Amino acid sequence: MTDIYLVGVGGQGIITASRIIGDAAILAGKSVLLSETHGMAQRGGSVLCTARIGGVYSPLIPDGQADVVLSFELLETLRAVCKASKNTVVVSSNERMIPLSVSSQKLKYPTLDEVRREVAKIAKEFVLVEASKIAGEAGVPMSSNVVMIGALAGTGLTNLDNKHFQKAIEMNIARNVRENLAAFSKGLDAVSRRNRN
Amino acid sequence: MDRVLDAAPGSKVLLLGNEAIARGALEAGIAVATTYPGTPASEIGDALARVAKDAGIYFEYSTNEIVATEFAIGAAASGVRALVSMKHVGLNVAADALLTFAYTGTRGGFVLVTADDPSCHSSQNEQDNRYYALLGGIPLLEPSSPQECYQMTKEAFALSEKLELPVILRTTTRVSHVRGPVVVGEIVPGPKKKEFAKNPKRFVTMPAVARARHLILLERLQDASKLADESALNRVYKIGAKSRSGIITSSAAFNYVMDAAKKLGMSIDVLKLGFTHPLPTQLIVKFLKTHDSVAVVEELEPILETSIRAVAQHEGLKTKILGKSDGAFPQAYEFDQAIVASGLVKAFGLKGEAAKTVSVDLPNLPLRPPVLCAGCPHSATYYAVNKATNRKAIFASDIGCYTLGVAPPYNAADLLVCMGSSVGTAGGLAKVNDQPVIAFIGDSTFFHAGIPGLINAVHHGHKFLLMILDNRTTAMTGHQPHPGSDRGPSCCDITSVSIEEVVKGCGVKWLKVVDPYDIKTTTDTVKQALTHNGVSVIIARRECALIAKRDQGGAILKKHYIDQEVCKKCRTCVDKFQCPAISSVDKVQTIDDASCAGCAVCAQVCPQKAIKEAR
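If you're matching them up, the sequences are chains H and R in order.
Everything in the first sequence is counted per my numbering, starting at 1 for the first residue and increasing by one.
Everything in the second sequence is counted per my numbering, starting at 1 for the first residue and increasing by one.
Chain H on its own, in the form it takes in the complex:
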C-alpha cells in the first residue's frame, strides 16, 4: 500500500499527474483511489490531490500518513509536511511560484535551505528535483509534472513497473508523447541515481 500526497499550484498539471498514477496502478492490477481539487481553488491557489494505491476505502490521507509527498512547488512542499512522518519521503520540485501574499503582505518566501531543514526535522528523506530544467532538456518545458512522475517512480516506493507508468503517460498526454516519455525517464534517473550514490 502506498499513499502519495501531491501538492502544488493550480495550473501545474497535478490532476493529470495523479491520473497517470491512477492509470498505472490499474494497469498493474492494483486498486487505487485518487481525490482531486476542482473548481475555485484551481485559480492559482494551493492545489492538492491524493493517490492511494492498495486496498483502501477512503480517498483522503490524514496528517502524518503519507508515504510520499510529491510536491510541484517549494513553498507548497513546506505547507505539506504535516502529511509527512519519519517514514515519509518528500520529493520536491525546486520550482518557486511567488504567491501574491509575498508581494502584498511583504511576507518572506522560504529559502531552499529552510525548506530542506524543516522537511528533515519531520520526514525520512528530502529529494529535490530540478523538474523544469529536466523537462526543458527533454524538449517539453511544460511537462514538469511528467518529470515528477518519473521522480516518483525513481523512489521505488510505488511498487509499480516503469512500463505501467509509461503506458499511463501515453494514455493521458496527447501531444509529444516521445518527449514526455523522455521527461519521465530523466525524472526517474535523477531520483534513482541518488539511491545508488
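Careful: at least some of the hints might be erroneous.
[As the list claims (entries may be wrong)] Each computed DSS-like pair below joins lysine-lysine, with the alpha-carbon atoms no more than 25 Å apart:
hint, chain 1, residue 1, chain 2, residue 2
1, R, Lys431, R, Lys504
2, R, Lys324, R, Lys263
3, R, Lys587, H, Lys106
4, H, Lys163, R, Lys12
5, R, Lys387, H, Lys106
6, R, Lys568, R, Lys587
7, R, Lys387, R, Lys238
8, H, Lys108, R, Lys587
In case anyone wonders, no lab produced these hints; they're calculated from the structure.
Quantities reported herein were computed from a predicted structural model and do not represent experimental measurements.
Chain R: place on chain H using the hints.
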C-alpha cells in the same frame, strides 16, 4: 478515445465519480441530459457535453437549474429517460419544479443528481440535500465510490420507472471528485422520441389533482420502502470477529468507517446504506435487534440518526444508538478517517489510541488562496471601479470568479448570498443607504438569476449601478457555455442571446458597454453611471484571459516589462492593482514573462509609465 463513451464493456477504467455517473446514464439509455454547472457536479455535464453527439443523446447547459429540471421533466413525462445534475445549492433553485413533479410522477426514468459540498470547498454553504428527499417524498440513493456512482445511476433509472417517481442521486465532493476503477457495461441506447400521452388528471397539478396525487405519492413511498428493504444497495460488512456492536453509515462516511474500524482493530458489523430514503425500516430493525449498541456515522445533518432513533422508539428497542446527539461526531464539515476514528473511540468508549496528531511547528507561511488570474478582465474592472468611487460605495457581489475580488486590494464585495443576489440585494441596499451601490454579476449568473432582479429594479425605480462582468463564459466551473455564448455542446445548434438586448428589454434606459482593459474609459463610464437617477447598467466585456490565451496558443497580446530605471518602487502595481504575473520581492517589482497575459492594464495603472511594451 473518450473513456466515458468508449470504454469497452467489461473493462476496468479509471473514472472520476462524476464521469462514472455520466457513463451509468449512457448505459441506462438516457435520451436527454441537462445541467447548470457548479462544483462539485460540473464534470457530469462536461462529460456528457463532450460525447453527446457521438452517443446520440441531447445535452444542454441550461440557463439555470430549474430550467434544466423542467426540461428534463418535459422529456421524462413523455416517456424517455432524463438526467439532470447540479450542485447542492442548485437544487434550491430547482426545488419548485422537483417537489411537485414527485406528485405527478414520471413515465420515463428521471434522475436528479445533487452534488453536496461538506466543508464548503467551493460553495456558499454546506446544506445537506438529503432533506430534499424527505421534503419531497423522493427516493434517494447515495453512492460512496466511483463504481457505485456508475452502478447506482443505472439502478436509479430502473427504480424511477418502477415507482414512476423522480429519484435523487446524492453525492458529495469526496464522491464526485474521487477517481477510481470502474468496471463498465454496455451502452444500450434507449428511445429518443416518445409521444406525450395526455393525462391532465395526472400532469396538470390543479389543487384537486394535487390532492389526489399526494395520496398516490404516499402509496408509492410505501412501495419504495419495501424496495429499500430488499435492495442490494443496503448490505452488512462484517469486520473482525462476531460482534454485538454495529455501525450504520452511508455515502463518503462509509469509506472512513471501513478504514478507521480496521485501523482501530475493531470487530464490528457495518450496515452500509446506499438506498437511504425511504429508510429500509425492516432491515434497520433487524440490525438494531441483533446489536447492543449502534453508532450512526453520517456527514452533516443527523438525518439517518434521527430516523433510526424514531424506528427504535416505534419498535420499543433498547439498543443504544450513538451519533451526533451525544457529541461523538460533529455536525459541521466533511469527515476523514481520523475524525471518524476519534468518533468511534468516543462512541464506543474504546481505549484505543485517539488518532495521534502530528504537531508540526512551521514558520508563518505565505498563504496561497485562489486569485484572479493574470490578465483577468475582472481585475481591471475592479481597479477602475475603486478609482471611480474612491472606494466609497457598497458592493453587492455575486457568484463566480469575480467573487475573488472580495480580497484586497479591491475589497469589491460587501454582500453575497446566492446566484443572482447582487441585483436584488442592491435594491435594498440602495433604498436604505446613502452611499452609492454597485452590483457585480457575471454573464452566466446574469442569465441564470439576474434578470428578474433587474426587471424589479427598473419597475420600482431603484437607484444603483449594475455591472455585468461579461467574460463570455462560465469561467469558475470550467468554461462552460451560457446563453450568450457563440458555441454550445457538440449536439446543439445554438443561438447567442445578446445581453444588451435583454437589458434593454428589461426597460433599462442607461446602458453602456466598455472594454475593462481600457481603464480610463471604464473609470469615466462608472462615474457617469453613478450620476444617473435610476438603474444604470455597464457591460464590462472582455473574454476570459484563460480562454484568450488558450485560443491564441499561449501567445500573449502585448508582452510587458518593468523598466527598473523609471520605476520609483511606489508599489501601485501591487498595492492597488493585483496581478499574479507581477511580484514584489526585496522591494523590486517585476513581471514574470511566462505568466503575463499581455493585457497591458498594469501599464495604465503605473503612475511613472515604467511598465512598457516589450519589443
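Verification of the supplied hints:
1. Lys431(R) with Lys504(R): holds, 23 Å
2. Lys324(R) with Lys263(R): Roughly 22 Å separates the two Cα atoms, so the pair holds.
3. Lys587(R) with Lys106(H): The hint holds at about 9 Å.
4. Lys163(H) with Lys12(R): Within the cut-off at roughly 18 Å; holds.
5. Lys387(R) with Lys106(H): Distance ~24 Å between Lys387(R) and Lys106(H) Cα, so the pair holds.
6. Lys568(R) with Lys587(R): holds, 10 Å
7. Lys387(R) with Lys238(R): violated, 65 Å
8. Lys108(H) with Lys587(R): holds, 12 Å
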